[in-house]
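Each chain is listed here by its residues.
Protein chains: 4
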Amino acid sequence: MQNQTLILVQCKDAVGLVSGLSNSIAKHQLNIITMREYVDEENNKFFVRILCSGLITSTEALLEDLCRVLPQNAKVQINPTNRKKLVVLVTKEHHCLADILTRHYFNTLQGEVQAVIGNYDTLKEFTEKFDLPFHHISHENRSKNDFEQEIINTINSYSPDYIILAKFMRILSPNFVQHFEHRLINIHHSFLPAFIGANPYKQAHDRGVKIIGATAHFVTDDLDEGPIIVQNTKSVDHSYDLSRMKTAGKEIEKAVLTRAIQLVMEDRVILNGNKTIVFKS
Amino acid sequence: MQNQTLILVQCKDAVGLVSGLSNSIAKHQLNIITMREYVDEENNKFFVRILCSGLITSTEALLEDLCRVLPQNAKVQINPTNRKKLVVLVTKEHHCLADILTRHYFNTLQGEVQAVIGNYDTLKEFTEKFDLPFHHISHENRSKNDFEQEIINTINSYSPDYIILAKFMRILSPNFVQHFEHRLINIHHSFLPAFIGANPYKQAHDRGVKIIGATAHFVTDDLDEGPIIVQNTKSVDHSYDLSRMKTAGKEIEKAVLTRAIQLVMEDRVILNGNKTIVFKS
Amino acid sequence: MQNQTLILVQCKDAVGLVSGLSNSIAKHQLNIITMREYVDEENNKFFVRILCSGLITSTEALLEDLCRVLPQNAKVQINPTNRKKLVVLVTKEHHCLADILTRHYFNTLQGEVQAVIGNYDTLKEFTEKFDLPFHHISHENRSKNDFEQEIINTINSYSPDYIILAKFMRILSPNFVQHFEHRLINIHHSFLPAFIGANPYKQAHDRGVKIIGATAHFVTDDLDEGPIIVQNTKSVDHSYDLSRMKTAGKEIEKAVLTRAIQLVMEDRVILNGNKTIVFKS
Amino acid sequence: MQNQTLILVQCKDAVGLVSGLSNSIAKHQLNIITMREYVDEENNKFFVRILCSGLITSTEALLEDLCRVLPQNAKVQINPTNRKKLVVLVTKEHHCLADILTRHYFNTLQGEVQAVIGNYDTLKEFTEKFDLPFHHISHENRSKNDFEQEIINTINSYSPDYIILAKFMRILSPNFVQHFEHRLINIHHSFLPAFIGANPYKQAHDRGVKIIGATAHFVTDDLDEGPIIVQNTKSVDHSYDLSRMKTAGKEIEKAVLTRAIQLVMEDRVILNGNKTIVFKS
Chain C
1 MQNQTLILVQ CKDAVGLVSG LSNSIAKHQL NIITMREYVD EENNKFFVRI
51 LCSGLITSTE ALLEDLCRVL PQNAKVQINP TNRKKLVVLV TKEHHCLADI
101 LTRHYFNTLQ GEVQAVIGNY DTLKEFTEKF DLPFHHISHE NRSKNDFEQE
151 IINTINSYSP DYIILAKFMR ILSPNFVQHF EHRLINIHHS FLPAFIGANP
201 YKQAHDRGVK IIGATAHFVT DDLDEGPIIV QNTKSVDHSY DLSRMKTAGK
251 EIEKAVLTRA IQLVMEDRVI LNGNKTIVFK S
Chain X
1 MQNQTLILVQ CKDAVGLVSG LSNSIAKHQL NIITMREYVD EENNKFFVRI
51 LCSGLITSTE ALLEDLCRVL PQNAKVQINP TNRKKLVVLV TKEHHCLADI
101 LTRHYFNTLQ GEVQAVIGNY DTLKEFTEKF DLPFHHISHE NRSKNDFEQE
151 IINTINSYSP DYIILAKFMR ILSPNFVQHF EHRLINIHHS FLPAFIGANP
201 YKQAHDRGVK IIGATAHFVT DDLDEGPIIV QNTKSVDHSY DLSRMKTAGK
251 EIEKAVLTRA IQLVMEDRVI LNGNKTIVFK S
Chain F
1 MQNQTLILVQ CKDAVGLVSG LSNSIAKHQL NIITMREYVD EENNKFFVRI
51 LCSGLITSTE ALLEDLCRVL PQNAKVQINP TNRKKLVVLV TKEHHCLADI
101 LTRHYFNTLQ GEVQAVIGNY DTLKEFTEKF DLPFHHISHE NRSKNDFEQE
151 IINTINSYSP DYIILAKFMR ILSPNFVQHF EHRLINIHHS FLPAFIGANP
201 YKQAHDRGVK IIGATAHFVT DDLDEGPIIV QNTKSVDHSY DLSRMKTAGK
251 EIEKAVLTRA IQLVMEDRVI LNGNKTIVFK S
Chain W
1 MQNQTLILVQ CKDAVGLVSG LSNSIAKHQL NIITMREYVD EENNKFFVRI
51 LCSGLITSTE ALLEDLCRVL PQNAKVQINP TNRKKLVVLV TKEHHCLADI
101 LTRHYFNTLQ GEVQAVIGNY DTLKEFTEKF DLPFHHISHE NRSKNDFEQE
151 IINTINSYSP DYIILAKFMR ILSPNFVQHF EHRLINIHHS FLPAFIGANP
201 YKQAHDRGVK IIGATAHFVT DDLDEGPIIV QNTKSVDHSY DLSRMKTAGK
251 EIEKAVLTRA IQLVMEDRVI LNGNKTIVFK S
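Chains as they are written, first to last, in full-length UniProt numbering: chain C, 1 to 281; chain X, 1 to 281; chain F, 1 to 281; chain W, 1 to 281.
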């Protein structure tokens with residue numbers, strides 16, 4: 001990302017937006033490498049992600065020029081944090097965390113893991129192999145409010161951009177969710193909206209499905225109802241008992257969550273109400 | 001399938017079943033080509049599909065020998081109808097029917113389409129190109145009971161083995177379903193159990209899913225709750241409006257229904273309560 | 001595609017192209033719906049496909065304005081034929097042709113099939129069901145040159161935009177290929193460049209591959225070496241004998257060829273030397 | 001795998017093999033859980049993998065009974081080593097090794113990694129995090145023979161069942177390969193037999209393919225020509241430059257190699273000449 005400038009815009013749709021934006025960009029000696037736009041016709045909204053080669057001398061000047069050609073209340077971001085900070089929450093299952101931490105170690109996650117918080121200490125030893133702090137915050141023998149407040153305090157001590165729920169198996173209160181609005185990414189172990197709630201593999205097994213799936217999504221107040229970022233599926237058959245279904249599912253969960261993190265790290269995911277726009281390329 | 005003998009067995013699980021069955025089979029000079037078995041441990045049930053080279057001289061004698069080594073109440077089928085008869089029900093959408101009829105014409109469906117019934121006449125001309133009868137039975141200006149009874153009578157005049165609901169868009173009454181128990185195969189245009197009921201693509205689009213799917217299943221009284229035979233999915237993204245989502249979905253619907261029909265035609269699908277066992281190979 | 005204007009441009013890469021183009025477009029009261037661009041950095045080439053809402057009053061005026069902001073020798077197309085004409089060549093296998101003709105019949109192919117030419121008459125009856133002319137041009141008892149010349153003449157009598165080789169199993173001479181440069185689309189029954197040449201499934205079976213594939217490509221002088229448009233694959237295993245491998249392969253061949261045709265019909269495929277740029281969305 | 005007995009047989013095909021084997025098995029109070037068989041008709045060979053519940057009291061007695069009902073020269077294995085030992089060879093790329101070592105650490109690899117050997121020391125630190133020995137054996141400034149002999153000696157000091165080439169980028173001599181016949185598993189970074197040899201992604205990029213792949217295979221004298229165990233593919237498009245193609249490819253390489261290892265660990269892969277039989281379920 002050296003010598004590149006990334007511009008994100010969302011605003012009311014209007015005639016001439018591409019023209020106006022590209023003129024301003026050209027004026028600042030930037031060359032557009034890729035421009036991906038999307039018009040949400042239903043809601044009359046325009047979204048664009050523009051990657052340019054060339055460095056800007058003044059962010060303020062470019063911002064001012066861009067805003068001049070955009071409708072009022074446009075949201076413009078120029079070079080949003082390009083190495084975002086992450087705190088990861090886990091319970092006992094290792095598969096998502098292991099993938100995140102090894103990618104982080106080898107520098108292919110495109111984000112900066114700051115710490116891991118677990119309501120059990122199962123994954124402490126593994127986390128510490130990578131010289132990362134592990135905070136064991138147990139939910140036992142205390143109120144939910146107390147438990148969540150300690151997590152909130154611990155998270156806040158790192159000021160992360162995003163909090164990753166990497167198979168964190170406690171249901172979070174609306175208070176917690178609001179605290180980190182648009183910053184909580186969860187992996188749900190089913191193909192949402194199928195099998196909302198607890199034990200999705202048990203539900204899937206009982207229903208006799210021929211495909212299982214996983215969903216990475218932003219967390220909102222409504223459990224498992226937040227904007228979907230990535231989903232994927234895998235074929236199964238009658239011979240999969242519950243245990244084998246879970247094992248197969250873990251591979252998808254891991255891949256889906258990692259992919260979602262990478263897309264968010266690269267500012268390719270834009271919230272649009274209860275949906276996401278994902279500019280993959 | 002010439003010179004081959006197919007044996008299907010389901011019974012209580014017990015020690016020595018494979019040994020007993022294979023002895024009986026060897027005694028009748030049949031050579032096992034493939035044997036696929038499944039034990040449902042939860043319900044203590046044994047299922048096997050055995051394909052043998054060699055023709056039997058007496059079905060009765062083999063049946064008697066097989067039953068001798070099986071628990072009481074075993075269900076044994078020897079060479080179930082090997083070219084099953086089908087009646088297809090449609091409404092206006094052509095994609096599933098077109099795939100079925102062209103495969104039928106070129107003899108790759110492994111079943112015999114006898115007739116098409118439509119509650120509109122939209123697909124009459126296409127059906128008749130293939131020299132197959134098309135019965136237009138309108139649902140308009142009459143009671144549901146009356147409408148269904150005419151369909152039942154028409155179907156019964158063909159004595160089909162299976163009735164294929166190839167995008168038949170009327171909800172069937174429990175009476176109709178019971179009439180053709182275990183013989184009704186439907187294509188639902190979503191990845192069940194997500195988006196049960198009407199307008200699944202609308203539901204999927206509103207939810208902002210990143211994958212759409214289709215499900216072929218046997219029909220039971222509970223709408224969209226019958227045993228699943230085949231499912232498949234396809235990635236979509238934010239740029240898919242409702243219309244494009246439907247178009248993409250039709251490709252999956254068609255492929256999933258055709259695959260289900262082929263599996264059923266080859267006696268590879270066995271009902272096990274509200275699930276299916278599918279011996280693909 | 002009503003009330004829409006499609007603009008395709010390829011030229012040397014330069015600073016300010018998007019700005020220049022979008023200004024000209026805005027000047028003509030067109031609103032950009034989607035703009036997909038690609039810069040081939042290796043060859044310093046710029047490609048863009050711009051779909052606009054709004055109709056142009058003068059193609060010439062828009063063309064002139066666009067060329068004014070583009071480098072010399074730019075190739076600009078405004079509203080290329082939006083219902084392209086096709087002639088289909090076949091031998092004996094029906095699967096690709098059946099898919100093309102049923103889609104054509106139901107108006108979902110986005111192109112106009114004018115005629116089918118077969119070196120056998122196997123598919124004559126099927127073709128004529130759809131009220132399309134079938135030309136039986138046998139290769140037997142005549143020179144290759146003579147055979148090809150008759151095909152060329154027959155094709156030319158229709159002036160098609162593209163010629164689809166839908167499992168046409170004769171090797172075409174360089175003369176034939178040059179005659180229809182950039183207009184011949186072939187389906188090769190392997191995952192190119194694996195298994196170039198004859199009997200790819202035999203080669204694949206002998207090699208013990210675990211995946212088979214198909215490739216739709218433009219035809220050039222070098223057999224099976226032309227620019228690839230679409231490829232897809234399917235898992236197989238040791239239990240697939242040659243015949244079952246071929247049957248499975250046909251499903252991929254059909255899907256891949258149809259997809260390639262649809263992409264070409266919508267002007268989403270742009271030749272770039274021996275590669276293609278495919279703007280899928 | 002507690003309380004289970006695994007039986008693998010390969011022999012000339014004959015009538016009554018399943019019957020004979022299942023009788024012997026029943027006689028030893030074992031209950032067949034799954035029996036997967038394959039008949040290679042071309043070569044008249046029979047292969048079977050039988051998993052039974054129940055423990056045998058005498059392997060010798062069962063072996064004797066099984067051989068009594070089998071043709072001469074049958075190869076029978078009863079409970080082959082159920083936790084196989086592995087030595088992993090690497091160069092500089094981490095992705096395959098990281099996946100193997102984290103799975104090993106969390107006990108989901110089904111094999112025992114004993115040591116890692118690298119011709120660079122790039123992955124030493126990572127390996128040692130998991131308390132495994134890393135042997136740095138450089139190829140520089142010495143003969144190939146000398147280099148390979150040191151690797152052979154090091155491998156032999158562990159007596160592993162299999163040697164995994166996890167992106168080991170040195171071409172091995174026939175002498176080395178013969179030393180570990182049928183025990184060397186390699187990951188090739190293309191969809192074999194496409195792009196044999198060096199720089200497959202460069203070749204794939206130059207050819208303009210729309211799908212890339214990876215192949216895990218046993219190594220034989222002929223470079224990249226050994227029996228294929230697992231293959232998988234992923235769609236790419238024109239926008240993938242060489243670097244992005246490599247990055248995408250690494251995900252497939254990793255998944256394919258790990259899957260191949262797991263299948264081999266569970267004795268699901270059987271060599272049959274230059275092909276493999278893989279009993280996945």
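It should be emphasised that the hints constitute simulated quantities derived from the structure, not laboratory data.
Among the hints, erroneous ones may be present.
Note: identical chains are not told apart, hence a pair may lie in one copy or across any two.
Stated by the list, open to error - Cross-link-like lysine-lysine pairs, in silico, DSS-like; alpha carbons within 30 Å at most:
| hint | residue 1 | residue 2 |
| --- | --- | --- |
| 1 | Lys75 | Lys92 |
| 2 | Lys280 | Lys85 |
| 3 | Lys45 | Lys27 |
| 4 | Lys144 | Lys280 |
| 5 | Lys27 | Lys124 |
| 6 | Lys234 | Lys27 |
| 7 | Lys280 | Lys234 |
| 8 | Lys246 | Lys12 |
| 9 | Lys144 | Lys45 |
| 10 | Lys144 | Lys250 |
| 11 | Lys250 | Lys27 |
| 12 | Lys250 | Lys84 |
| 13 | Lys246 | Lys234 |
| 14 | Lys246 | Lys75 |
| 15 | Lys275 | Lys250 |
| 16 | Lys124 | Lys202 |
Fair warning: this is a prediction, and the values are worked out from it, not measured in the lab.
If you check each hint against the structure, which ones fail? 1, 4, 5, 6, 9, 11 and 14
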